[in-house]
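Student: One letter stands for each residue in the lines below.
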Amino acid sequence: MNDMATAEDILTAKLFFGAAFPVIQVLMDEDPKLHRRTEHFNHTVQFGAKNGEELLCCHMIFQDGHLDVADGPAEKADLILTFSAVEKMNALLKGGMSLPRFDGNLTLLPAFLSVLMSLKIMTAEPKNELQKYLKVKCSLYMICHALSVYNKLGDPDFHEFCTRQPDRIYQFRVEDGGDPMKIACYLRVKAGQSKSGHGVYEQRTPFVLFRFTSVDGALQVLNKQVEFVEGVEKGYVETIGSPEYACYLNDYMTILQTMLT
Amino acid sequence: MAVTGTNWTCYDSSTMTSREIYGRTLAELSKTDNRIVALTADLEKSTALNKFSEVFPNKVFNVGIAEQNLFGAAAGMAKTGLIPFASTFAVFASLRAAEQVRTDIAYQNLPVKIIATHAGISFGHAGTTHHCTEDFAVMRSIANMTVLCPADGIETSRAVRACVELPGPVYMRIGRGFEPPCYESEAYDFQIGRAVTMREGRDITVIACGICVLQAINAARTLAGEDIDVRVVNMHTVKPIDREAVIAAAQETGKVLVCEEHNVIGGLGDAVASVLAEEGLACKFHKHGMQDVFSTIGYAEDLYAYYGFDANGIADRVRAMMGVELASDDSWEDE
Chain A
132 MNDMATAEDI
142 LTAKLFFGAA
152 FPVIQVLMDE
162 DPKLHRRTEH
172 FNHTVQFGAK
182 NGEELLCCHM
192 IFQDGHLDVA
202 DGPAEKADLI
212 LTFSAVEKMN
222 ALLKGGMSLP
232 RFDGNLTLLP
242 AFLSVLMSLK
252 IMTAEPKNEL
262 QKYLKVKCSL
272 YMICHALSVY
282 NKLGDPDFHE
292 FCTRQPDRIY
302 QFRVEDGGDP
312 MKIACYLRVK
322 AGQSKSGHGV
332 YEQRTPFVLF
342 RFTSVDGALQ
352 VLNKQVEFVE
362 GVEKGYVETI
372 GSPEYACYLN
382 DYMTILQTML
392 T
Chain Y
16 MAVTGTNWTC
26 YDSSTMTSRE
36 IYGRTLAELS
46 KTDNRIVALT
56 ADLEKSTALN
66 KFSEVFPNKV
76 FNVGIAEQNL
86 FGAAAGMAKT
96 GLIPFASTFA
106 VFASLRAAEQ
116 VRTDIAYQNL
126 PVKIIATHAG
136 ISFGHAGTTH
146 HCTEDFAVMR
156 SIANMTVLCP
166 ADGIETSRAV
176 RACVELPGPV
186 YMRIGRGFEP
196 PCYESEAYDF
206 QIGRAVTMRE
216 GRDITVIACG
226 ICVLQAINAA
236 RTLAGEDIDV
246 RVVNMHTVKP
256 IDREAVIAAA
266 QETGKVLVCE
276 EHNVIGGLGD
286 AVASVLAEEG
296 LACKFHKHGM
306 QDVFSTIGYA
316 EDLYAYYGFD
326 ANGIADRVRA
336 MMGVELASDD
346 SWEDE
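As given, the protein sequences belong to chains A and Y, one line each in that order.
Residues in the first sequence are numbered consecutively from 132, following the numbering used here.
Residues in the second sequence are numbered consecutively from 16, following the numbering used here.
Mixed in with the good hints, there may be bad ones.
Claimed, not checked - Below 16 Å or equal to it, Euclidean Cα-Cα: the simulated EDC-like pairs (lysine to aspartate or glutamate) are: (1) Y:K299 with Y:E267; (2) Y:K74 with Y:D57; (3) A:K251 with A:D162; (4) A:K313 with A:E161; (5) A:K283 with A:D202; (6) A:K263 with A:D347; (7) Y:K299 with Y:D285; (8) A:K283 with Y:E350; (9) Y:K254 with Y:E149; (10) A:K263 with A:D162; (11) Y:K46 with Y:E69; (12) A:K225 with A:E139; (13) A:K283 with Y:D349; (14) A:K207 with A:D234; (15) A:K283 with Y:E348; (16) A:K365 with A:D347; (17) A:K321 with Y:E267; (18) A:K145 with Y:D349; (19) A:K321 with Y:D344; (20) Y:K299 with Y:D218; (21) A:K321 with Y:E348; (22) A:K219 with A:D134; (23) A:K321 with Y:D345; (24) A:K225 with A:E256.
Unchecked claim - With the C-beta cut set under 7 Å, the calculated list includes, among others, these residues of chain Y facing chain A: (25) N233; (26) T237; (27) E316; (28) A326; (29) N327; (30) W347; (31) D349.
Simulated from the structure, these hints should not be mistaken for lab results.
Cβ atoms here follow ideal geometry from the backbone N, Cα and C, with glycine treated the same way.
Excised from the complex, chain A in its bound form (with noise of 0.2 Å):
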C-alpha cells in the first residue's frame, strides 16, 4: 500500500490542478512555440498520483487549441501519466524531478511534456521580453485561480474572509508601454463564494485594485526580488481602495505562491 498524502499535500495537488493547469492555455495562445505545438495537439490527458487506494488526479481536454481542465478521471484518456505518490507528482511540478508511470498512445508524450515543462516559466527566470511578459500574465491568472480554488476547496481562514465580505473586486492590472490593461485578472468574492475572471471586471468598481506601473516592475514584486512595500516605495506597484483587505490579500497570496513554487 502507498503512504497517504497529507493534507497539504493534497492541497498542492488541487491547486495545481485548478489553478496552474488551466494558466496553461495563456501559454498556448500567446508562446508561439507553444502554439504551433498544440493547436492539432487533440486529445484528452489524464495526469494524478495515487493515494493509498485512491486516484488523486484530473484530466486535460485538448481541442483545436483550447484546454479544458477537469477534475476527476478521464472517460477516455489517450494519455495517462500516473504517480506512484501525490508528494512525487508535486515535485515535479514545482520543477523537481520524478517520473511517472505512463500508459495509453505514448507517441503523446513528447508534447504533452512540452506542454507540461512550459509551467516552468513559473520559476524559471525568463530570457527575454515575451517570456517576461507570458511569466507576470501566467503568475497573475494563477494568483487569482489560485484564490478562488483555495475558497472553494475550503480552506477554514479564506473562507471565513471571503464569507465575511460583500461583492467585492480585487483587481489585477499592469500596465506597460502606454497599454493601461496590458494585463488585467480578478477576484470576485461575494459571502464565501469566489471566482477568478480574466479582464476587468466592468459592473462593479474595485475594493482593491492592485496596480502595477510595468511589466518589469511586476516580475520584481512577484519574484520577490523586492517586497510588497518595497515595490510600492519604487514605484512599481500601487494599491488603490482598502489598505487593510489588500495586505491580507497579499499575506494569502504569499502562502499560496509559496505552495505552488
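Based on these hints, arrange chain Y on the given structure of chain A.
Tutor: Chain Y in isolation, oriented as in the chain A frame:
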C-alpha cells in the same frame, strides 16, 4: 514615505494624505506670513502638525488634551492679530468644543482656522465615539462660519491657502489621510464658495464633498458604460453653498443626488435642498448619507462600502434614481 501605526498602509503619505499636506502647506505659508501659528490638543502627530513644528517649533502650541482650551486660546491669539490654525479630531472640534467655537471664535468673527481631521467615519476602527457625522450640521448653523470639505490632499492645500486671507473663522473638515487623490495637480480654479464641476453629464447630477467626490467620479465612469451620463459636482464649500451650481444641476439634469459622509440631517444634502426649495425648483432629489443612525465600527473602507459611500454604493443609488436595475451576475465558475 511609508507610514506605520494605527493606519497601516504603504501609500506614499507625502503625496496622498490631506493631513500631511495640510501640515506641509502650513509650513510653506508660514515662511512668508508671520501671522500664522498652529495649535493642537496633544494630537500634533495625528493631525500632521509635526510637519509644521519641524520647521517652526516656536509657532506650534500644544495645549494638552483640552479641546475647549484649544479654541479659547486660538481665539485669544487671533485677537492679537495672529492667524491660528487649530487642529484636532473633528468630533472634538465640533461637539466637545462647540461652545468655544461658537462664542469665543465665531461670535467675534475671529480668523481662526479649525482643521478638523478624522472626520466622518474615516477613523473606522477607532469607533463610533471617534467618528463625526454631525459636524456640518453644527458648523453650518453657527453664524460667520465658513465650512469647507476638500476632496483630497491637493484640494486641502488649495483650501488652506485660500482660507488664510478669508477674514472670519473657517471649519475645514478632512479625513484620516490615505484618501486617494482625485485631482492630478493644483492647477485648477479653486475659490471658496464656488463648486468645481469634475465631470459634465446630462442625465443626473451627483453633488458631493470630501471622499465622496472621487467615488462619485468612479461611479460615473462605471455608469457611462451603462449609458448613464452623470455630472459630478465637487461642492467643497458647504457654507456658503454655490447656489448657481445647484440651480444648474436641477435645471439641466433634472435629478440631483447629494453624497456626503455625514448624517442626512443638517448636512450638505439639506443645504442643497434649501436652495432647491427657495428657488422653487422641482427635480428628483435624494440625500445619500448616514440615514440618521450612529455609525458602526470597522475599517474605513468597510464602512464606506457598508454605508454606500464607495463608487459602487453611489452607482447603485444613481441607478435607483434612474429606475435602472443592474443585471445580476451569478456566475461563479472560474475563467
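Student: Take the hints in turn and mark each one as holding or not.
Tutor: Cross-check of the supplied hints:
1. Y:K299 with Y:E267: OK: K299 of chain Y and E267 of chain Y at ~12 Å, within 16 Å.
2. Y:K74 with Y:D57: holds (15 Å)
3. A:K251 with A:D162: holds (13 Å)
4. A:K313 with A:E161: holds (13 Å)
5. A:K283 with A:D202: holds (13 Å)
6. A:K263 with A:D347: holds (7 Å)
7. Y:K299 with Y:D285: holds (14 Å)
8. A:K283 with Y:E350: Holds: K283 of chain A and E350 of chain Y sit about 14 Å apart, inside 16 Å.
9. Y:K254 with Y:E149: holds (15 Å)
10. A:K263 with A:D162: Distance of about 12 Å is within 16 Å: holds.
11. Y:K46 with Y:E69: holds (13 Å)
12. A:K225 with A:E139: holds (14 Å)
13. A:K283 with Y:D349: holds (10 Å)
14. A:K207 with A:D234: holds (12 Å)
15. A:K283 with Y:E348: holds (10 Å)
16. A:K365 with A:D347: This hinted pair holds, its Cα atoms lying about 12 Å apart.
17. A:K321 with Y:E267: The given pair, whose Cα atoms are some 38 Å apart, is violated under the 16 Å limit.
18. A:K145 with Y:D349: holds (14 Å)
19. A:K321 with Y:D344: Since the Cα atoms of K321 of chain A and D344 of chain Y sit roughly 11 Å apart, the hinted pair holds (cutoff 16 Å).
20. Y:K299 with Y:D218: holds (11 Å)
21. A:K321 with Y:E348: holds (13 Å)
22. A:K219 with A:D134: holds (11 Å)
23. A:K321 with Y:D345: holds (10 Å)
24. A:K225 with A:E256: Holds. K225 of chain A to E256 of chain A sits at ~14 Å (cutoff 16 Å).
25. N233: OK, holds: N233 of chain Y within 7 Å of chain A, min 5 Å.
26. T237: T237 of chain Y check passes; min Cβ-Cβ to chain A is 6 Å, inside 7 Å.
27. E316: Given a least distance of 3 Å, the restraint on E316 of chain Y holds.
28. A326: holds (4 Å)
29. N327: holds (5 Å)
30. W347: holds (5 Å)
31. D349: Holds. Min distance 5 Å.
In summary, the structure is inconsistent with hint 17 from the numbered list given earlier, while agreeing with all the others.
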